[in-house]
Each structure stands twice: as structure tokens, then as C-alpha cells.
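Engineer: All chains should be built: construct the whole structure from the sequences, respecting the hints.
2 protein chains.
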Amino acid sequence: MPELRKDPVVGRWVIISTERARRPSDFGPEPVRAKGGHCVFCPGNEDKTPPEVLAGRPPHTAPNTPGWTYRVVPNKFPALRIEGELEPSGEGLYDRMNGIGAHEVVIESPDHQASLATLGTEVVADALLACRERVLDLKKDPRFEYILIFKNHGEAAGASLEHPHSQLIATPIIPIMVKEELDGGARYYDLKQRCVWCDIIRQDRGGRRMILEDNGFIVLAPFAPRFPFETWIMPRAHRSSFEESGYDDLHGLARTLREFLGRMNRVLNTPPYNFMLHTAPLHDSRLPHFHWHLEIIPKLTKVAGFEWGSGFFINPMGPEDSAGHLREAP
Amino acid sequence: MPELRKDPVVGRWVIISTERARRPSDFGPEPVRAKGGHCVFCPGNEDKTPPEVLAGRPPHTAPNTPGWTYRVVPNKFPALRIEGELEPSGEGLYDRMNGIGAHEVVIESPDHQASLATLGTEVVADALLACRERVLDLKKDPRFEYILIFKNHGEAAGASLEHPHSQLIATPIIPIMVKEELDGGARYYDLKQRCVWCDIIRQDRGGRRMILEDNGFIVLAPFAPRFPFETWIMPRAHRSSFEESGYDDLHGLARTLREFLGRMNRVLNTPPYNFMLHTAPLHDSRLPHFHWHLEIIPKLTKVAGFEWGSGFFINPMGPEDSAGHLREAP
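Residue numbers (our numbering), protein chains in the order written: chain A, 7 to 336; chain B, 7 to 336.
These aren't lab readings, by the way, just hints derived from the structure by calculation.
Among the hints, erroneous ones may be present.
Same chains, same names: a pair is fine if it fits in one copy or spans any two.
Subject to a maximum C-alpha distance of 16 Å in a straight line, what follows is the list of computed EDC-like cross-link-like pairs (lysine to aspartate or glutamate) [to be verified]: (1) LYS308 - GLU161; (2) LYS185 - GLU334; (3) LYS145 - GLU9; (4) LYS82 - GLU25; (5) LYS145 - GLU249.
Structural biologist: And the structure:
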């Protein structure tokens, strides 16, 4: 059973997941991964994943057989386990609880070679709609406080499989980074009676940090990005919960995300990247001080001692420059 | 001039350092670096670095000539600039200031092939004493609030040069990670009237997370480590400021650090690693709620979307296991 542990100084929780009983020799600076050949996410290998919890497939096909357009399956090597209770306990001054949660994979297409930038808008929209469905379903479980939807694309960005997929992890604790955004948003709202992300949109719309605006979404380079070409996609209108998005909203997001990723790939030569969706906690609805958004970070630089020790990031490219390149991309 | 910018939501400052006017094509997932041949830190190339600000050298040798045992030089490509004033200013809802600071490199040995684990104790102690000297000198500059001493060892850990060296960066702002530790330490002290790190030492000394204890220092795997084999080295006695360490203290640290790095290299096959020294802010002396410590993280795993989006880290090895391997290392 994985374990959640809290740092007694800063209150950051970590997941200790020792299920695979790793030895020191399992770690290498560049772990070797099997490439090519057999892919557990490809059609025909449905029995190599845990049984699907959701899929887009014609009515005449059976679950866990070929014919699907997307599949959502539990992660075979989950960071957190769905079975059990949290059983929080202490160990002297330390706090721990069982590593309860859900860890699912959204296989976005049967096509191993595809990517969100090359798939059709309908396919991308289906993946987003599948994420929404899974959030709405997992939200019923009272043990979960938050669901983070994210993507690792490319080995340097932490992907262990090439086949196009996103992931979601439901956690029994609101992640510290989301908590910091919630707290920051609440402080700003207390002061101004306005959403800080709405104010960012008002200030930056049409300006030097704007990349594009379409389909009800705005794509911006943030004022203080940690990484070169870091980008936020936000609904133009104030919305705090991703899972309250409608069908049209998610089709709009699919078009905007594809457009952005296409430009990013042309400007940066198809880089590895991560995206992370920040939405309100599961039990908070219609927050006036939080605005959901998708953060995209191409993996272009290394994080080193100064960043790990300070939390300061050194970014060699200002957001005005990165937005300019992406705005003017062919 | 680099710029310091503050994220308007979470209050995290970043350094935008565009001096080298990078284009998108400058970024590659794995940037190619010149290897072998010419090294600017090797003896004979003293004119390839900015003039030394401190060096260990026999009295008959001139500055910036061979013969030194260690050298401290300004970084040729500094993240922050020493000249100028902060000139804080706003841009609508955003905050910025000039990127003022100091960025220095401690070249630990003339031997290009050496490392802290293989250098003699005296040499390591000299490097630590040089860091202390530089902190005491830079502390006189009223523009600086903090100095982070850190090391990037190996390309995967962000080192751009092989030659053994550490770095220090003086910042006009207390880094957010240090602030979080200060705040966490103060909360604990308010509650208990005790230093949380002293309590950690009391609880873990001789236990499953202890790696070694010697020379007035204790080496522990923290209860909630972000990374496999993450390790803290702390003075046994309560001390808040590294730069108040005496000659004997730093010789003790040198011996303990060498011993730890030797064991880490044997257990993990000489991994790339970072260390970061967390000490009290420059203008805070003898804090009862802060305890200086060195954090060491071998670079064994990749940080991916879940970590970047949540602040949760998934660690495949518990600290009891990593401490066991390091405790029993030959």
C-alpha cells in the first residue's frame, strides 16, 4: 500500500510508493525503457491494461476489445490505490495516511503515432469529455478532495509510454500548489472583490503576452513564468470548475489546445511537454476567487540546485518574447 | 539587466534573464555542450573567468595565475547582476524589480577530474570556509536578504561544466522555499517552544532514518522525502546560521559530507546530484525556530506533470530503505 507522508516543517505531502520494492540498482540517471514493438495501449492489447472504465466504441463491440476511439483504464502501476481507508496516524511528530486515491489513464486514440496536435478536433474533444466524465464519477467518492488531470508527452517530460495518453490522479488531500493558488486567489479577492485571473485576462488581453484568443478561451504567457514558453489556457468567462464545462466549451478548448500545440510544435520543433489542469477542489463549487486553467510547460531546460533550493526559477526567455514567437507562428 | 518578477497569484518570484537574447532554436530537449578539451576553470585559464574575489594560493603567486588550491570568481553568466539598484515598480497588477544580486562560483580544486567525494578533507573544508567568507563579505551589502549556496554535479543535475565547483547566489528577496521553512519552523515553535529540526533529530537519532552521526553532524533521510535517497545533513546542536560556524565546525562538516558522498557514490554508482544549503536570512541571527541544514538530492528520477501541477512528489523509495542502504554501505 502506498503511503502519504507530510513534511513536518513545510506541510508538503509526498507519496511513498514502494510497491515495486526498488533497489538502488534500479535507478539510473537515464533509465532504459523498452522502445518500439509491443505497446500495451495499442488496439489488440486491451487485455494488457486493467479493464476499461469508460470508452468510446461502437455499440456492437464488447468492452476491452478493439474498435474503440478512446479508452479510460486504471493505471496498472498506480501512484495511489483505490481500495481501503485513509487511516491517518502519527509517528511521533510525523503524520501519515494510507495512499488512497485513483490513478487513471485516458488513451486518446488507437493511433500509436498520433498526438493531441495532430489528432482531429473531435478526437481531442472526446478525450476532454472523457476526463470530465471521470471527474464527475470520481467526485462521488467522499474520500477524494481533488483530481489533477495532466499529461506527460515525451520521455524528457516523464512519459514512460509513447502512445498518446493523459492521466488523472484523485487525491484525498488538496495538492499544495493548488492550495497556494486558492489562497492567493482568496487574498486578492478579499482585497479587490475580483478574480485575479479575470484581472490578468483584462490586463493582458490583446497585449504583448497574449498568444491567441478563440472559442471562448484565451491563451497567455504568464507575467512571471518559471519556464521558457510556459503558457496558460483559460476560459474567457469566469469559471472555477473544469467539470462544469459544457459540450461546446470542451469543443472550444479542444480547438484552442490543438491550435496552441501546433504552434508550439512549429516554433520549438515538437518539444516534450507537460500540461496540468488546475481546477477548484471537488467539493467547492462556483468559487468567485478561483478560475480554472490549463498550464502547459514545454520541457526545454533543466531544473538544478538553485531552483530546488530556493523555489526561484531562472527563465532565459521573457513571456513577451515567447508569446511573440507563438503569436506569429506560421 | 535581468528582471525579478512576482507571480500575482502565488507570490513566487522568478528571474527573467534574457541577456543572451535566446531564440526558440536555442532550446533543445538535450542541449549539446562542449565536452573535454578546454576548461575555463582549469589552471592556466584564469583569464577566462572574471577576476577572483578570493583564492587559496601561496603568498608568492599573483591573483589570477596558477598555483591556487581553490578560487572564488563571479559567474561569467550571472543569473543576477551586482551593479545597480532594485527600483521596484508595478505594471498594472504585476510587480517587478531589477535583477540585482551576486552570483559566484567556488572552484573547489585545480584538479578537473576530482569531486568532493574524492578530494581530501582539508580541500573540502577550504571550500566550505571559502563559502563562509563570501557570505560574511556579501552580507555587508544591504541590498541582499539571502544567500543560497548550492551545487550542481553532473549534467543531469544541471551542471554546465565538469570541473568541481559550487555556486552561491545572493538575492534581494528571501526565497519562497526558505520562507516556507521559516514560517513552518515558527509555527512549530509557537506551538511547542522547540525547534522542529531539533525535535526531528531527537526522534530519528539512532533510528531507521539515520544514516550516520559524526563530527557534530547528523545525516538523516527525511520522513517525507520528495526524491529517492534525499538526505539532510544538520549540525547536532541548534544553529540557525551557517556563516556563524567555526573552523572546527566546517572541518567536521567536510568530513561528514565526504563520508556521505562516498557512501552515496558506492550505493548509487556515482550519480549526478544537487545540494542546497538552507540557512537563516542574512539579517536574522540566532533564530530559535530555524536550524541550518544541507539538503542533498541525487538525480535519479524525472519530475513530470503530476509533480509540476500538484507539488506532490511520488517517491519510489521510502527513507527507511534509502537510509538502510546508506547506513550499511561498505
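Engineer: Does each hint fit the structure? Answer for all of them.
Structural biologist: Hints versus structure:
For the identical chains of this complex, LYS308 and GLU161 are neighbours both inside a copy (14 Å) and across copies (9 Å), given an alpha-carbon limit of 16 Å. In this assembly of identical chains, LYS185 and GLU334 lie within 16 Å of each other by CA distance neither inside one copy nor across copies; the values are 35 Å within and 39 Å between. Within a single copy, LYS145 and GLU9 get their C-alpha atoms no closer than 22 Å, and across copies no closer than 42 Å, so neither meets the 16 Å cut-off. For the identical chains of this complex, LYS82 and GLU25 are intra-copy neighbours only, at 12 Å inside a copy versus 46 Å across copies, given an alpha-carbon limit of 16 Å.
In this homomeric assembly, LYS145 and GLU249 come within 16 Å of each other (Cα to Cα) only inside a single copy, at 10 Å, whereas the closest approach across copies is 51 Å.
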